[in-house]
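Student: Spelled out from the first residue to the last, the chains are:
Protein chains: 2
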Amino acid sequence: MAPNTQVLTICLSRIGDVCRMRMYDIILKKREGRELTTGEIKHFIAGYTAGDIPDYQASALLMTIYFQGLSDRETVDLTMAMSDSGERAALSAIPGIKVDKHSTGGVGDKTTLVLVPLVAAAGVPVAKMSGRGLGHTGGTVDKLESIPGFKAELEHGKFIEQVSMTGAAVVTQTGHLAPADKKLYALRDVTATVDSIPLIAGSIMSKKIAAGADAIVLDVKVGNGAFMRDIESSFKLARTMVSIGNLAGRRTVALVTGMDQPLGYAVGNALEVKEAVETLRGRGPGDLVELCMALGSVMLLLAGKAGNLETGRKILSDLLVSGKALEKFKDLIAAQEGDPRVTMEDGFLPVATIIEDVPASYTGYVQAVHAGKIGRAAMLLGAGREKKDSPIDLSAGIVLRKKAGDRVVAGETTAVMHTGDKQNLTAIKKIIQKAYEIGEKKPELQPLIYGMVPESL
Amino acid sequence: MAPNTQVLTICLSRIGDVCRMRMYDIILKKREGRELTTGEIKHFIAGYTAGDIPDYQASALLMTIYFQGLSDRETVDLTMAMSDSGERAALSAIPGIKVDKHSTGGVGDKTTLVLVPLVAAAGVPVAKMSGRGLGHTGGTVDKLESIPGFKAELEHGKFIEQVSMTGAAVVTQTGHLAPADKKLYALRDVTATVDSIPLIAGSIMSKKIAAGADAIVLDVKVGNGAFMRDIESSFKLARTMVSIGNLAGRRTVALVTGMDQPLGYAVGNALEVKEAVETLRGRGPGDLVELCMALGSVMLLLAGKAGNLETGRKILSDLLVSGKALEKFKDLIAAQEGDPRVTMEDGFLPVATIIEDVPASYTGYVQAVHAGKIGRAAMLLGAGREKKDSPIDLSAGIVLRKKAGDRVVAGETTAVMHTGDKQNLTAIKKIIQKAYEIGEKKPELQPLIYGMVPESL
Chain A
1 MAPNTQVLTI CLSRIGDVCR MRMYDIILKK REGRELTTGE IKHFIAGYTA GDIPDYQASA
61 LLMTIYFQGL SDRETVDLTM AMSDSGERAA LSAIPGIKVD KHSTGGVGDK TTLVLVPLVA
121 AAGVPVAKMS GRGLGHTGGT VDKLESIPGF KAELEHGKFI EQVSMTGAAV VTQTGHLAPA
181 DKKLYALRDV TATVDSIPLI AGSIMSKKIA AGADAIVLDV KVGNGAFMRD IESSFKLART
241 MVSIGNLAGR RTVALVTGMD QPLGYAVGNA LEVKEAVETL RGRGPGDLVE LCMALGSVML
301 LLAGKAGNLE TGRKILSDLL VSGKALEKFK DLIAAQEGDP RVTMEDGFLP VATIIEDVPA
361 SYTGYVQAVH AGKIGRAAML LGAGREKKDS PIDLSAGIVL RKKAGDRVVA GETTAVMHTG
421 DKQNLTAIKK IIQKAYEIGE KKPELQPLIY GMVPESL
Chain B
1 MAPNTQVLTI CLSRIGDVCR MRMYDIILKK REGRELTTGE IKHFIAGYTA GDIPDYQASA
61 LLMTIYFQGL SDRETVDLTM AMSDSGERAA LSAIPGIKVD KHSTGGVGDK TTLVLVPLVA
121 AAGVPVAKMS GRGLGHTGGT VDKLESIPGF KAELEHGKFI EQVSMTGAAV VTQTGHLAPA
181 DKKLYALRDV TATVDSIPLI AGSIMSKKIA AGADAIVLDV KVGNGAFMRD IESSFKLART
241 MVSIGNLAGR RTVALVTGMD QPLGYAVGNA LEVKEAVETL RGRGPGDLVE LCMALGSVML
301 LLAGKAGNLE TGRKILSDLL VSGKALEKFK DLIAAQEGDP RVTMEDGFLP VATIIEDVPA
361 SYTGYVQAVH AGKIGRAAML LGAGREKKDS PIDLSAGIVL RKKAGDRVVA GETTAVMHTG
421 DKQNLTAIKK IIQKAYEIGE KKPELQPLIY GMVPESL
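Line order of the protein sequences matches chains A and B. Numbering (the numbering used here) for the first sequence: 1 to 457. Numbering (the numbering used here) for the second sequence: 1 to 457.
Quick caveat, the hints were computed from the structure, so don't treat them as lab data. None of these values were measured; they are calculated from a predicted model. Treat the hints with caution; some may be incorrect.
Heads up, the list lumps identical chains together, so a pair's fine if it works in one copy or across two of them.
To be verified - The calculated SDA-like cross-link candidates involving lysine to any residue, where the alpha carbons are at most 25 Å apart (straight line), are:
| no. | residue 1 | residue 2 |
| --- | --- | --- |
| 1 | K42 | D189 |
| 2 | K42 | A90 |
| 3 | K373 | D25 |
| 4 | K403 | M293 |
| 5 | K29 | G372 |
| 6 | K29 | D230 |
| 7 | K182 | D52 |
| 8 | K29 | R229 |
| 9 | K373 | R22 |
| 10 | K183 | A90 |
| 11 | K236 | G33 |
| 12 | K274 | E153 |
| 13 | K373 | G411 |
| 14 | K403 | E444 |
| 15 | K373 | L28 |
| 16 | K182 | R22 |
| 17 | K29 | I231 |
| 18 | K29 | E386 |
| 19 | K441 | R407 |
Isolated chain A, as found in the complex (with noise of 0.2 Å):
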């Protein structure tokens, strides 16, 4: 049959000089709900990086993925291929477990800003890349850029010689890693296929490996502040990264965490900084010290520094109380030349020339901040982004002054908005005010953490 397969194989798909065989099949495939092998995958990404394979055939394959879903082996194969795509940070000059973290996002969660001073002060070195925000939340790079002077845009070399001098650096992510994913996420967000799991997980996780940390931390957030809303799919979500890290070498842990209101009480770039600085100080509010204890300790074990959990938060807890995070932080901000006075007293960070409170509408108990809506207020006051290229306002954003289970009386301030542009606040204090849902009785309080995966380590 040799001639008669040879007739066969003819391109019916043809565009220009181009044969679109191949692609059209793995549409099909997927479309018909059978697995694709590493091979298509290892084609789709290495022709769409390439621009060989056309936008048109890339979305219509994504959208058949987020209809048909893709095998835990097909994650893992995708999430490889978009990490082979470009370069791998090489982290092997700094000694020790470097221990990466990343959370999914959530309002006021300046976590990375505790974290990374605090594990280093306990010997993990933290080579941490870090993003902007877009949307209603925010990048820890916006918020150190809130630090005069401070620069995230270190060159590579410099970048490892500060972790191997300091114990930590935080620099902006560079678009040389995994460029597979930039541009297959730019589609997604124009098509209506970012809400895929494996597609979530394949981006974050590509991310992570090819930035060549030895251990990752993921916190899964779940709730109206987070990406995904229900703790069902937040498991799912934790389970497919913990599996795609491990098989890719890099043992990793999740946490599912809570997004229902913000974390803490300061939302905002520079407001932020503020805050973890009072946590770093030891007076931080108690869900965010909570989560830094949760994070931090897995970071601790994953790197040898601590034999199990317990012990990670007492050395963790040790650190706060002696003052050598926040001196690690000092020291962090120094050598990116930013000022680091903003770790001893107020006046250093910049402040908003618009403070306005927002009184509570009902007498009551907070029932609920919802963390979607002062997410949104926080960026209309000039926190976040609308798009990629606005500016913003790194003094802008919301302090809480109540969060779910305090009692609250008419007229009382709940919350005060820092903002540079009088436009638009009467509309954005009713957003606040909607955030705030009273109640007569006392409520049932969501749980901060929802579980681990694995669940024990």
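Got chain A; can you put chain B on it based on the hints?
Tutor: Coordinates of chain B only, in the frame set by chain A:
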């Protein structure tokens, strides 16, 4: 809330200078299984035709429609939007009720060649626009062009004039009709989104409605040689198209007919013209004659030339016996500059240089002649196009000697190959032999006509 609303109507999905927000929302809405409004469907079709909506968003929506389907209302809206995207053929200058006929495509389907002169001889004006073939099914225009001199590219005025003068004309479909469908079809073809019932129905009916006839008769083929493989889906497609046609004010009737084996005996352009001429002479193969009678009587009824289907059949039968139908074919060919002698005697149609028998592999009863395999074999012999711009050999094809139910002895000729190309003949012969399923028992034959939509007229 007006200022707030204003603040929030920002474009969150921007590529370059264009806001993709509206199309993004349309994709998301359909992805979530919600019904699109008429305005949203019009926005998509108008924007895509104008080039404002990029291919990658269109393909994401097409794949979403593949998975989520379209309601009857959405399907009608899509069809009308595509139909309105270009010109509409003006047939009003032609007196009488114009009836169009469309087949979803089968192997050896030369009914249009028979029906156009046959119903025209009964006084129904036929202004037929037809396509060229692609893949394993042939196009009416290709078949007619095997008649020496025949011109299928008529200017619109001349087309109308010919229908008014001789009662019939067959021309190539102009690209000015339903350009949105043309553009969308090309995208579906490379993104594995062709086989969706609402998209197929919309594509066919948008062209039929734009082509301007007052009534439409559809032949929905089902079987291994057709696009639709199962009877249930075929009836669903038939009902969808009939519903669209009627809502668009065109009386529409569909027959669901079998395409498990080729229609008649001849497959290939000149070979099919010869069989059509035989049929118009009253000596056609039973299945082809029966299908022409069934479709033709519906056409006569819709055109008001017969009070019921039985009367219609009687009229058609008389026109075959009297030679008037053949005479009309001769007039049609002459009017379009073809050699009318092809209707009178052999020797005027192109003949293949290589004619070779395909012997039966076994002795027994032919259980089935796989239409899809015969169509592919004919294409490989040169009768069809692999790609849109492939040249075709008008003399090439296959003439069956045996069909399902026939007795055959091993070594006896089951079919005859006609080609101008020696290459691959052995492999093609094997495909034809595989198309013949031979067994011991006399098989129960599949029905030729499965049913009509609506069930009665």
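Student: Would you mind marking each hint as holding or not holding in the structure?
Tutor: Hints, verified against the model:
1. K42 to D189: Both: 22 Å inside a chain and 23 Å across chains, each within 25 Å.
2. K42 to A90: Within one copy, since 23 Å is at most 25 Å while 52 Å is not.
3. K373 to D25: Between. Shortest inter-copy distance 20 Å satisfies the 25 Å Cα cut-off; intra-copy 44 Å does not.
4. K403 to M293: within (21 Å within a copy, 79 Å between copies)
5. K29 to G372: between (38 Å within a copy, 21 Å between copies)
6. K29 to D230: Between copies only: 20 Å across chains, 30 Å inside a chain, cut-off 25 Å.
7. K182 to D52: Answer is both: 16 Å inside a copy and 24 Å across each meet the 25 Å cutoff.
8. K29 to R229: between (30 Å within a copy, 18 Å between copies)
9. K373 to R22: Between copies, since 23 Å is at most 25 Å while 45 Å is not.
10. K183 to A90: Result: close within a single copy only, 23 Å intra versus 47 Å inter.
11. K236 to G33: both (20 Å within a copy, 23 Å between copies)
12. K274 to E153: So K274 and E153 pass the 25 Å test inside one copy only (22 Å; across, 77 Å).
13. K373 to G411: So K373 and G411 pass the 25 Å test inside one copy only (20 Å; across, 80 Å).
14. K403 to E444: Within one copy, since 13 Å is at most 25 Å while 77 Å is not.
15. K373 to L28: between (41 Å within a copy, 21 Å between copies)
16. K182 to R22: Close inside one copy (23 Å) and across copies (23 Å); limit 25 Å.
17. K29 to I231: between (31 Å within a copy, 23 Å between copies)
18. K29 to E386: Result: close only across copies, 22 Å inter versus 38 Å intra.
19. K441 to R407: within (10 Å within a copy, 87 Å between copies)
When held up to the earlier numbered hints, the structure conflicts with none and fits them all.
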